[in-house]
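Model the placement of chain B on the given structure of chain A, informed by the hints.
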Amino acid sequence: MADHERKETERRRRMRSIGIAVALGMLVIIFYIATLARLGGNVMNRPM
Amino acid sequence: MADVGLNTRSLHAAAIAGGSVGDFIALMKPRVMSLVVFTAFTGMVIAPSGLHPALAAIALLCIAVGAGASGALNMWYDADIDARMQRTAGRPIPRGYVTADEALTFGVVLSIGSVLTLGLLVNWVAGALLALTIAFYVFVYTMWLKRRTAQNIVIGGAAGAFPPMIGWAAATGSVSLESIVLFLIIFLWTPPHFWALALYRTRDYERVGVPMLPVVAGEAETRKQIVIYSAILVPLAILPALMGFGGALYLLTSMTLGGVFLALALRVYRVREGREADRAAKQLFGFSIGYLFALFAALSVERGLTAWAG
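Chain order of the listed sequences is A and B. Take the first sequence: its position 18, counted from the start at 1, is 18 in my numbering, and no numbers get skipped. Take the second sequence: its position 208, counted from the start at 1, is 208 in my numbering, and no numbers get skipped.
One should not assume that every hint holds.
[Unchecked claim] Using 25 Å as the maximum straight-line C-alpha spacing, the simulated SDA-like pairs for lysine to any residue come out as follows:
hint, chain 1, residue 1, chain 2, residue 2
1, B, 29, A, 27
2, A, 7, B, 20
3, A, 7, B, 100
4, B, 224, B, 248
[As the list claims (entries may be wrong)] What follows is a set of in silico ranges between Cβ atoms, one per label pair, in the way DEER data are often shown:
hint, chain 1, residue 1, chain 2, residue 2, range
5, B, 305, A, 15, 40 to 50 Å
6, A, 15, B, 89, 17 to 27 Å
7, B, 242, A, 26, 38 to 48 Å
[Stated by the list, open to error] Among chain B residues calculated to face chain A with C-beta under 7 Å, some are:
hint, residue
8, 18
9, 20
10, 52
11, 54
12, 55
13, 58
14, 227
15, 228
Don't read these hints as lab results, they were simulated from the structure. Glycine included, every Cβ here is placed at the ideal spot set by N, Cα and C.
In isolation and in its complexed conformation, chain A is listed as follows:
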């Protein structure tokens, strides 16, 4: 593999990894927001 091809491969792999990380991060945020939206104030209601 030529040098420029190796660099391009690494660049694309890095971008795909960032893409996957962003998607997973968004999934966490989505579940967090949905929990707050569905439970509302009850999210803090934790009887001992």
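Positioned in the frame of chain A, the structure of chain B alone reads:
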């Protein structure tokens, strides 16, 4: 010659380097996705019970991702014919940017993820409808009908017609007559829309053996069928106004643009030779997209105005 050499070299480099993020986004057919999201949004906003804005946004995201996933699975299955069609030869798999296996994995993961997320966070009626839509598009349309019958896009069109029902179901947890009417509008809109495209891409479909109506029944029959479907679609598109969930703006939009739709369909029927015939088909194809957008936009705008005034 230099250009060809350069393109071959860059294609080779791309194949070695693997797909970019943009290639994976292209797998999701973003233009189709935008229509899906918009019609789902309309189904959601005209539904009687209000969904929390955050959950509504999540539902739309899930529907968009589900639609994109089915697009990726379609490109995976159709990679062989896509490579031989002018319109689709530039897609990521035929270009060698993304492998078929990567597209399959991408599509399956996003399909399961979008359905589970929609079901868990919004409701399972919407989740089940999204699963049905993806399954219908991939198994019924792409794998079963597309290469076997000229009715491929008539029956397969149901997949594209489900999104407003999913939007409605996300907001209400049920399916209603109103959402079925929205389904029918898109269902009847699909054949004239795709047959107009097929009329000026006949050779493409012929070459790869996809039995689109112009290939199997001829251009004359296709033109006749375009007029028939348009003549059913345009009056049906007035139904929302008659049923009370579309107001004056919708009625006006649907009648005026419906008239133009019919006129363009009749032009396709009359003009059968040369570049003018292609031009007429292209005009109908282009207009049909704007027509559907306008109908659903009118419904959304009216609902927005009502909420603002009330």
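Structure-based check of each hint:
The suggested pairing of residue 29 of chain B with residue 27 of chain A holds, with an alpha-carbon distance near 21 Å, which does not exceed 25 Å. A hinted pair counts as satisfied when its Cα atoms are at most 25 Å apart, and residue 7 of chain A with residue 20 of chain B qualifies at roughly 13 Å. Under the criterion of a C-alpha separation no larger than 25 Å, the hint pairing residue 7 of chain A with residue 100 of chain B is consistent with the structure, at around 24 Å. Note on residue 224 of chain B and residue 248 of chain B: the hinted pairing is violated, with a Cα-Cα distance of about 32 Å set against a maximum of 25 Å.
In this structure, residue 305 of chain B and residue 15 of chain A meet the distance hint of 40 to 50 Å, their C-beta atoms being roughly 43 Å apart. Restraint check, residue 15 of chain A to residue 89 of chain B: a C-beta distance of roughly 24 Å satisfies the suggested window 17 to 27 Å. In this structure the supplied range 38 to 48 Å holds for residue 242 of chain B paired with residue 26 of chain A, their Cβ-Cβ distance being about 42 Å. Using the Cβ-Cβ criterion of 7 Å, the hint placing residue 18 of chain B at the interface with chain A is satisfied: the shortest such distance is roughly 5 Å.
Contact between residue 20 of chain B and chain A, as hinted, is supported at the beta carbon level, the nearest pair being about 5 Å apart and thus within 7 Å. A hinted interface residue such as residue 52 of chain B counts as satisfied when its beta carbon comes closer than 7 Å to some beta carbon of chain A; here the least separation is about 5 Å, so the hint holds. Annotation: interface hint on residue 54 of chain B holds; nearest CB of chain A at approximately 4 Å, less than 7 Å. A cut of 7 Å between beta carbons decides the hint on residue 55 of chain B: the least distance to chain A is about 5 Å, and the hint holds.
A distance limit of 7 Å between C-beta atoms decides the matter here; for residue 58 of chain B the minimum to chain A is near 6 Å, and the interface restraint holds. Because the closest C-beta pair between residue 227 of chain B and chain A is about 45 Å apart, greater than 7 Å, the hint is violated. Taking 7 Å as the C-beta contact cut-off toward chain A, the hint placing residue 228 of chain B at the interface is violated, the least distance being around 44 Å.
The structure fails hints 4, 14, 15 (numbered hints given earlier, in ascending order).
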